[in-house]
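Participant: Throw the hints in and build the complete structure from the sequences for me.
Chains as they are written, first to last, in our numbering: chain A, 1 to 330; chain B, 1001 to 1504; chain C, 2001 to 2162.
To be clear, the hints were calculated from the coordinates, so they are not data collected in a lab.
All values derive from a computational prediction rather than experimental measurement.
All C-beta atoms in this analysis are idealised placements derived from N, C-alpha and C, irrespective of residue type, glycine included.
Certain hints may be false.
List time: in silico SDA-like cross-link candidates among lysine to any residue, alpha-carbon distance up to 25 Å [what the hints assert, rightly or not]:
id : chain 1 : residue 1 : chain 2 : residue 2
1  : A       : Lys57     : B       : Ser1056
2  : A       : Lys83     : C       : Pro2101
3  : A       : Lys171    : B       : Ser1186
4  : B       : Lys1430   : C       : Arg2080
5  : B       : Lys1288   : B       : Trp1245
6  : B       : Lys1429   : C       : Leu2055
7  : A       : Lys57     : A       : His90
8  : A       : Lys195    : B       : Ile1475
9  : B       : Lys1429   : C       : Val2091
Looking from chain C toward chain B, a few residues come up when the C-beta cut is under 7 Å (computed) [what the hints assert, rightly or not]:
id : residue
10 : Phe2049
11 : Pro2050
12 : Leu2057
13 : Leu2058
14 : Ala2060
15 : Leu2062
16 : Glu2082
17 : Ala2087
18 : Leu2111
19 : Leu2112
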Amino acid sequence: MRIAATAAFALALGLAAPAAVAQASWEPTRPVQFIVPAGTGGGADQMARVIQGIVSKHNLMRQPIVVVNKAGGAGAEAFLETKAARGNPHILLITLSNLFTTPLATGIPFRWTDLTPVAMLALDEFILWVNAEAPYTTVPAFLDAARANRLRIGGTGSRQEDQIIAAAITKATGVNFTYIPYQGGGAVAVALVGKHVEATVNNPIEAVTHWRAGALRPLCVFDGRRLPVTEKMTETQAWSDISTCAESGLDVEYLMLRGIFMAPGVSQAQVAYYIGLLERVRATPEWQELMRQGAFNTTTLTGEEFKAWLTREEERHRTLMTEAGFVASR
Amino acid sequence: MDQFGLLLGGFAVALDPWNLALMVIGIVLGVVIGVLPGLGGANGVAILLPLTFSLSPVSAIILLSCIYWGALFGGAITSILFNIPGEPWSVATTFDGYPMAQQGRAAEALTAAFTSSFVGAFVAIVMITFVAPLVAGFALRFGPPEFFAVMFLAFASFIGMGTGSPLKTLMATMAGFLLACVGLDSVTGTLRLTFGTTELIRGFDFLVAVIGLFGIGEILTSIEEGLAFRGANARIDLSVVRRTWAELPRHWALSLRSSLIGCWMGVTPAGATPASFMSYGVARRLAKPGEVPFGKGRIEGVIAPETAAHAAGTSALLPMLALGVPGSPTAAVLLGGLMMWGLQPGPMLFVEQADFVWGLIASMYLGNIVGLVLVLVAVPWFAAILRVPFAVIAALILVICSIGAYTVNNAWFDVVVMLCFGVLGYAMKKLDYPLAPLVLALVLGNRTEQAFRQSMLSSQGDLGVFWSNWLVGSIMTVGLMLLFWPVISRVRGAISVQLARREG
Amino acid sequence: MARRFTGIGLRTAEVGLALLFAAVAALAIADALDIGAGWSEDGPRSGYFPFWIGLILLAASLWQLVGALGIPRRLGFATREELGRVASVLVPAALQVAAMPFVGLYVSSALLITWFMTRLGSFAIPVAAATGVAVAIVAFVVFEIWFLVALPKGPIEQWLGY
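Facilitator: Okay, here's the thing in structure tokens:
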């Protein structure tokens, strides 16, 4: 009797321990749908699939994660569906800047406040790239060339982050560019290699291989500080050798959100569970490798800080897009 | 022969028994995925990607690329048997493949389709093996104007396909273009033809429309004529394979031409869909008049699109590996996989990860051979599906169609749209409206318009951009010649008559 | 309605379809004009292509409509029996689609297969029902468990913990 009681007590302790570590009284009871508001192969999709892979490889969750792409209407469909899934704790949404840009550009009835913010995973950097054979090697030389002859900037999609940066450069310098939209970041980088455009604002991970092959040249990074990765990527340069745009006399800063959201109306415990899960994902070597390869800005935020950041960014996007004339008129 | 040594090394990797076993598993899974219209190759590869983490990168990519080959093979099966193309590039296969099945020649059509797929893929792999760097450089020359020119060529080679009323052909084409416009305009980011509804934001997906028009439409037409699918008396033994094979060498010129069209389209990267349509159109133009017209079950109509689609699907992997630009959705997911294993696709991959690249190329050779053997052996079983009673198979097709339509966007609304397209398809078919131009316009309309407008943006509205260099200029000129082919040949005929009269 | 319904005439069908296309074209033209159908300095605007395509479609449809009005009334499109057979497939399929959001895809599919096999194929009800359930289970295993594709599910799946 006593032995049985002791055993039961030990068992209870054993069961209680992992729960105490996770600090969450809730756990998913069904497969979790991980919605990507973009097509397969893009940056958000890759990140979602890396997370899916990490969770299954390290067995971080009992239920599987299922990645679902809903690219329709530049993500509008994914946002509206998550908004409609009130109270469903088995839906996660990974967002990029289209969280702000799509509602403004298309006028769909959606704001980020319609969702439950979970965590900012990282921020994606933007770099001004030109073809390695181009005569301009510095930002001022590039801007002079653009003043003399209207240049073309290629980017992903329309009225989204790449075009906003292009508009911000125009606003900061008074130099006009022709913006040409492409379907994806990889295609944009190749268009620059093939000289179909004169510059791009690709994310590091989209252009790194062409940089290393000597086809592209980075001019500056649109961040307040230099990239932290000091390991040499080419013969002579590391990510950290690229100057910031502000240093080069181009006062534009832009970072893209890679954040996780849930449907509205979910409980505190459910949000806490996913925050804990994402913390464990971030601790894995695979995640570290992804961050290093893509030279991500590894700032993470949760809770009120994250909300404050979102409020600021939404306002900033509204200002930038209104000035550029990108906001839907009807 | 540096490449040859590296390739032999690659074979050593791929011939490892474990990797061979993975190939067989991959092909079988791929065929299953290709047969179910809800699971495209991209889907299947994406879903299985996380499962490959326990494998080495070479084994993992062998498994995933074999799923890709399997899905390419499998896409032809439903096109031929039930007129339901599971993938955009299988649409052209239905034009003659399904009539062949109705005439009881399903096994023959399947054998021709599988063998052609293999030939196309093989030519593409040989090209990748020996001229990869050269071809990658060629792909870089393709900007928006060149891309538009290629699309224009695809349309031009297809013009005048229908035998029915030109007015109805025009209406079907324009309706297809309009359907392609619905949703977000990717050049300016404005919503078009959505009328304020959220359901229309995503536009009309090609698969939803085609499953409805072809699949459901076909069931409705069949049942109207009585409770049966025609072609149930298909012979089911392996001797069909042998007999069809004896036929095929006669079409070597067609196969070679289709392979080249496919390789070109795959590398540029326009993709497998325009390749299959273009190849079908060109085959029809250049074919000698036979006893069976195209569209009524002619074997060339199966060989041409299948060869080109597979050649394109395979060579699409080249720009992905060499430039990091995926030529198809499946290639896009494979790309994501490479990055997860810490392999950065792009020009440096061939230098830094030669083992991996050559292992993959060797597995393409072996994977396609394994795939061909597997699907050919299964031909009798596939053909035997037609013997299942109509009441069972029709219900199954309806269920599979609704799963397929749903999974495209995970949207119930799409299933409703599919059913509406089914009714439309039935009505159009009965009234002799051609469906092929509608589908072609729907599939390629958006990309064509986008390429045109990108070109206009970069030339600031100058149409001269389409003749600004020899590459785009010659493609456009060939396109225009194809477009006005009937006029040209009439003029030429008139001139030669005149000449003959003068001489005589 | 004293006259018994005998089917749809060819004239009615041709006119109906031409009108449908004309209506779609008109909608497209209206929307295109709304978002700007001109040619700006850097190429066509969003509505340019929909506008002209719509215009061509409208013209072609009206031409077709005029031609269709001349079709003799005696030509048939589909007889009553033929339409009945089409409806025997279309109505259950529509019901299955309509039921999908409430009972899920699996249950509605099992019911559809059972109905088809008993009504159109004269199978015994137990055989038909067993086939329907078996197909639903196979589909469930393939999609939900192997490939992790989430299809619409209803109360029964919910009760089973999915």
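Participant: If a hint holds in the structure, say so; if it does not, say that too.
Facilitator: Against the structure, the hints:
1. A/Lys57 <-> B/Ser1056: Within the cut-off at roughly 14 Å; holds.
2. A/Lys83 <-> C/Pro2101: holds (18 Å)
3. A/Lys171 <-> B/Ser1186: Given that 25 Å is the threshold and the Cα spacing comes to 24 Å, the pair holds.
4. B/Lys1430 <-> C/Arg2080: Given pair B/Lys1430, C/Arg2080 holds - Cα atoms ~15 Å apart, limit 25 Å.
5. B/Lys1288 <-> B/Trp1245: holds (21 Å)
6. B/Lys1429 <-> C/Leu2055: Cα-Cα ~24 Å, so holds.
7. A/Lys57 <-> A/His90: holds (20 Å)
8. A/Lys195 <-> B/Ile1475: holds (20 Å)
9. B/Lys1429 <-> C/Val2091: holds (20 Å)
10. Phe2049: holds (5 Å)
11. Pro2050: holds (5 Å)
12. Leu2057: holds (4 Å)
13. Leu2058: violated (9 Å)
14. Ala2060: holds (5 Å)
15. Leu2062: violated (11 Å)
16. Glu2082: Holds: closest Cβ of chain B sits about 5 Å from C/Glu2082, inside 7 Å.
17. Ala2087: Hint violated; C/Ala2087 Cβ to chain B Cβ min 10 Å, cut 7 Å.
18. Leu2111: violated (10 Å)
19. Leu2112: Holds: closest Cβ of chain B sits about 6 Å from C/Leu2112, inside 7 Å.
Hint check: violations occur at hints 13, 15, 17 and 18; the rest are consistent with the structure.
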